[in-house]
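Starting from the structure of chain U, add chain P where the hints point.
First to last, the sequence lines map onto chains U and P.
Counting from 1, position 13 in the first sequence corresponds to residue 13 in the numbering used here; the numbering is continuous, with no gaps.
Counting from 1, position 182 in the second sequence corresponds to residue 361 in the numbering used here; the numbering is continuous, with no gaps.
What the hints contain is simulated information worked out from the structure, not anything from laboratory work.
Hints are supplied without guarantee of correctness; some may be wrong.
[Said to hold, decoys possible] Okay, derived cross-link-like pairs now, DSBU-like style, lysine-lysine, Cα gap no bigger than 35 angstroms in a straight line:
hint: 1; chain 1: U; residue 1: K155; chain 2: P; residue 2: K557
hint: 2; chain 1: U; residue 1: K108; chain 2: U; residue 2: K165
hint: 3; chain 1: U; residue 1: K138; chain 2: P; residue 2: K296
[As the list claims (entries may be wrong)] Derived coverage of chain U by chain P (criterion: at least 3 residues anywhere in the stretch with Cβ under 8 angstroms from a Cβ of chain P; other residues may be distant):
hint: 4; region: 146-154
hint: 5; region: 161-169
Predicted model only: the values in this text are computed from it and were never measured.
Think of the CB as a built atom: it goes at the ideal place given N, C-alpha and C, for glycine as much as any other residue.
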Amino acid sequence: MKLDRREILKLAAGVALARPGLDGAEAAALPEGKFLKARELAVLDELAECILPADAHSPGARAAGVAAFLDAQLAAKDPKIPEWADERKEVREHLAAIDALARDMFAKGFLELTADQRTAVVAKAAAGEGEPKTPAEKGFKWAKEQTARAYYSSKIGIHEEMEYKGNVLLTEFVGEEAK
Amino acid sequence: MLLRTAPPAPKEVDLTRTYDAIVVGSGAAGGMAAHVLTEQGLEVLMLEAGKKLDIESELKSMEWPYDHPRRGEMPYDRHALTQNEYTIRNPPYAPKDSPYSSVYSYVQGWSGTDYSKNIVVNEKDHPYTGTKYAWVRARCLGGKTNIWGRLALRLSDYDFKAKSRDGFGEDWPISYADLAPFYDKVDLYLGISGHAEGLEHLPDSKFQRATRLNASEVMLRESMKRADRVLTPYRAGVTTDGLKHNKYRSRCFGRGACNRRAGGCDIHAAFDSPTGLIYPAQDTGRLTLRTNAVVREVMVDPATGKASGVAFSDAETGKSYEVKAKAVVLGASTLESTRILLLSRSAAHPKGLGNSSGHLGHNFCEHVMGPYIVGLVKDRVGKARTLDDGRPGGFYVPRFRNLKDKQPGFLRGYGFEGSGGATMMPDRAADMPGFGSSWKKSVRDHAGAFIDMGGFGEVLPRYESYVEIDPAVKDKWGVPVLRFHYTFTDNEKKMCEDMAQTAQEMFEAAGVEVLHVGKNMLTEGWSIHELGTARMGSDPKTSVLNSFQQSHDVKNLLVVDGSSHVSASCQNPTWTIMALAWRSCENLADQLRKGDL
Numbered sequence: 001m002k003l004d005r006r007e008i009l010k011l012a013a014g015v016a017l018a019r020p021g022l023d024g025a026e027a028a029a030l031p032e033g034k035f036l037k038a039r040e041l042a043v044l045d046e047l048a049e050c051i052l053p054a055d056a057h058s059p060g061a062r063a064a065g066v067a068a069f070l071d072a073q074l075a076a077k078d079p080k081i082p083e084w085a086d087e088r089k090e091v092r093e094h095l096a097a098i099d100a101l102a103r104d105m106f107a108k109g110f111l112e113l114t115a116d117q118r119t120a121v122v123a124k125a126a127a128g129e130g131e132p133k134t135p136a137e138k139g140f141k142w143a144k145e146q147t148a149r150a151y152y153s154s155k156i157g158i159h160e161e162m163e164y165k166g167n168v169l170l171t172e173f174v175g176e177e178a179k
Numbered sequence: 180m181l182l183r184t185a186p187p188a189p190k191e192v193d194l195t196r197t198y199d200a201i202v203v204g205s206g207a208a209g210g211m212a213a214h215v216l217t218e219q220g221l222e223v224l225m226l227e228a229g230k231k232l233d234i235e236s237e238l239k240s241m242e243w244p245y246d247h248p249r250r251g252e253m254p255y256d257r258h259a260l261t262q263n264e265y266t267i268r269n270p271p272y273a274p275k276d277s278p279y280s281s282v283y284s285y286v287q288g289w290s291g292t293d294y295s296k297n298i299v300v301n302e303k304d305h306p307y308t309g310t311k312y313a314w315v316r317a318r319c320l321g322g323k324t325n326i327w328g329r330l331a332l333r334l335s336d337y338d339f340k341a342k343s344r345d346g347f348g349e350d351w352p353i354s355y356a357d358l359a360p361f362y363d364k365v366d367l368y369l370g371i372s373g374h375a376e377g378l379e380h381l382p383d384s385k386f387q388r389a390t391r392l393n394a395s396e397v398m399l400r401e402s403m404k405r406a407d408r409v410l411t412p413y414r415a416g417v418t419t420d421g422l423k424h425n426k427y428r429s430r431c432f433g434r435g436a437c438n439r440r441a442g443g444c445d446i447h448a449a450f451d452s453p454t455g456l457i458y459p460a461q462d463t464g465r466l467t468l469r470t471n472a473v474v475r476e477v478m479v480d481p482a483t484g485k486a487s488g489v490a491f492s493d494a495e496t497g498k499s500y501e502v503k504a505k506a507v508v509l510g511a512s513t514l515e516s517t518r519i520l521l522l523s524r525s526a527a528h529p530k531g532l533g534n535s536s537g538h539l540g541h542n543f544c545e546h547v548m549g550p551y552i553v554g555l556v557k558d559r560v561g562k563a564r565t566l567d568d569g570r571p572g573g574f575y576v577p578r579f580r581n582l583k584d585k586q587p588g589f590l591r592g593y594g595f596e597g598s599g600g601a602t603m604m605p606d607r608a609a610d611m612p613g614f615g616s617s618w619k620k621s622v623r624d625h626a627g628a629f630i631d632m633g634g635f636g637e638v639l640p641r642y643e644s645y646v647e648i649d650p651a652v653k654d655k656w657g658v659p660v661l662r663f664h665y666t667f668t669d670n671e672k673k674m675c676e677d678m679a680q681t682a683q684e685m686f687e688a689a690g691v692e693v694l695h696v697g698k699n700m701l702t703e704g705w706s707i708h709e710l711g712t713a714r715m716g717s718d719p720k721t722s723v724l725n726s727f728q729q730s731h732d733v734k735n736l737l738v739v740d741g742s743s744h745v746s747a748s749c750q751n752p753t754w755t756i757m758a759l760a761w762r763s764c765e766n767l768a769d770q771l772r773k774g775d776l
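So here's chain U without its partners, still in its complex pose (with noise of 0.2 angstroms):
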């Protein structure tokens, strides 16, 4: 692969984007979010950058604020509807299960983990896609589903990851002649 100027900085973006393990200190001093706790949120942003990693194409879901957006519809959703306190709660159990898999796995935390050891709890976890079954198996599933809705809805996913031309004025679509 060949790669352009451009290119060589994307992917040293991606490179430094893929974090290390946090430690103690760090960890306390993660940001709280609208809805989701400091760790929480932090899980869901690991993840998602994971799923959805910045590459030499484009940048990956953390560049997209993929979390961000996800923690501020949950914050949009009124408990007092039931739909959206299910909702609410199964996100906790979801990305608790992740940091629980990671904890089973090496005995730390999700956030705690070497990037080579993250992408071994969430290939684990997506092991069951077809059929999520544990508790892990469907916060991939459910975190994958949210992270692809958010990131090919931003401006990123549909600018620089998918390269869509469209919704501008066209003289005349491009097609095919029908013969």
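Same frame as chain U, but now just chain P:
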């Protein structure tokens, strides 16, 4: 360049005068009635139950998802019904104690629903009862034409004379030759995009520039041609070349917003009734528009037996009004026009106005939906990014069943709507296995390679399929609601089985990898193509309207919407509704001039 022309200044509503005609409803039917009658020199009052929306600020067709706080979703205190909710209970679907501020039909569960939340009605205010039915309504100026799917098809004598071919139901009292000149007028006045195919069973329109197919669609078209079937570019009620006579509408600029939302075109290249019909009618100086006018009853003069006007209440104040006219033209939509007639009871018309036949409310029909297919065109995987959604629609596959052949399992036929290629946001991303960079690349590589289509089948009009007035339940305005008695039967089930099977065969024959075949029927009503309940016919004993959509019983009363259709055909009805309304309203104007009414 886009130039927007402001709507015309409204004319003062004068409820003390006798108008030449009152038109009830402002969608495709009402709009066309207003256009034709004002063109013919008549003074018309149009009554619309909903409000006039500033539609450009509703639709915002080109707003990027990320520029909207909820990426286009409506506020979270509102709810769109799911298919499951239509399945597990009967209407009304919005219980009184619903925790949501508004409950909408399923179309508000699509993407971009924040842009149509003021167009589609709140089910809490608009209940109905009886059998399961996914009833989609839009109460505002222009009605459902503000967000319609744009597929604009003609019917043929395979439809108008279907009974003569297979013995079921009734023939229409008109033939294709009667309606063809009016289809032509609709084409030329409103603009339609398509490719002439020369099919007897799907006659060509006076087409403007067709939108092109993309690579996978052309491949499917070529394959189907070998089996003597047709795939044609989406016949869209969209002006692709522009309309010199209409200053309110732009030509299509391929912005591709059409399928990202519930619909709607804020440059009005896609036909909508306000800019296509109502504003030009207002410009004649002969159209008066009264919105927020909930019509409850068509009044009859006991001395003459003729319709004398209508009674309505204001949707906001609840205040009651009456207004008089020489003729009353209902275009409130299939079911809503019938509801008004059923409510217009009097000593002379105890079963509802114009119901001496007992057929009012009956012979209810529509299109059945459900079976669909998704495939992967392997040649397209990993190809350079193409822009495939800059057009009003993908393709249409006209009916091929029960034309020359005779199917053992079912009468009539079905067509498919579909499209291939890339969209703004990749379809099926979360369905593809994996995660990380390899999955990300896979989503990117596959994004332009999917193709899908879904069927629309003719539902037979049966006397036993009907609506009536519910004796107890009323809507927000105190108007008694409809109770449905309508359920799909074996003909629809067999047809849907065939749809799923032929879809799979056609994809396989073209070398498309079949990823999924949906086989289930969707809830009754899903196609939003409800038709019948006040059918036309030559015999007043078995029909409600004559061939000019006039009540057999009350000659100065017309119903010009889909209620009048004798059978559903499998073609989308909007263009036929407008062609019929044009024909009937010219005839009405003629009769009024001659003093025949």
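key: Numbers of the earlier hints that this structure fails to satisfy, in rising order   = 2
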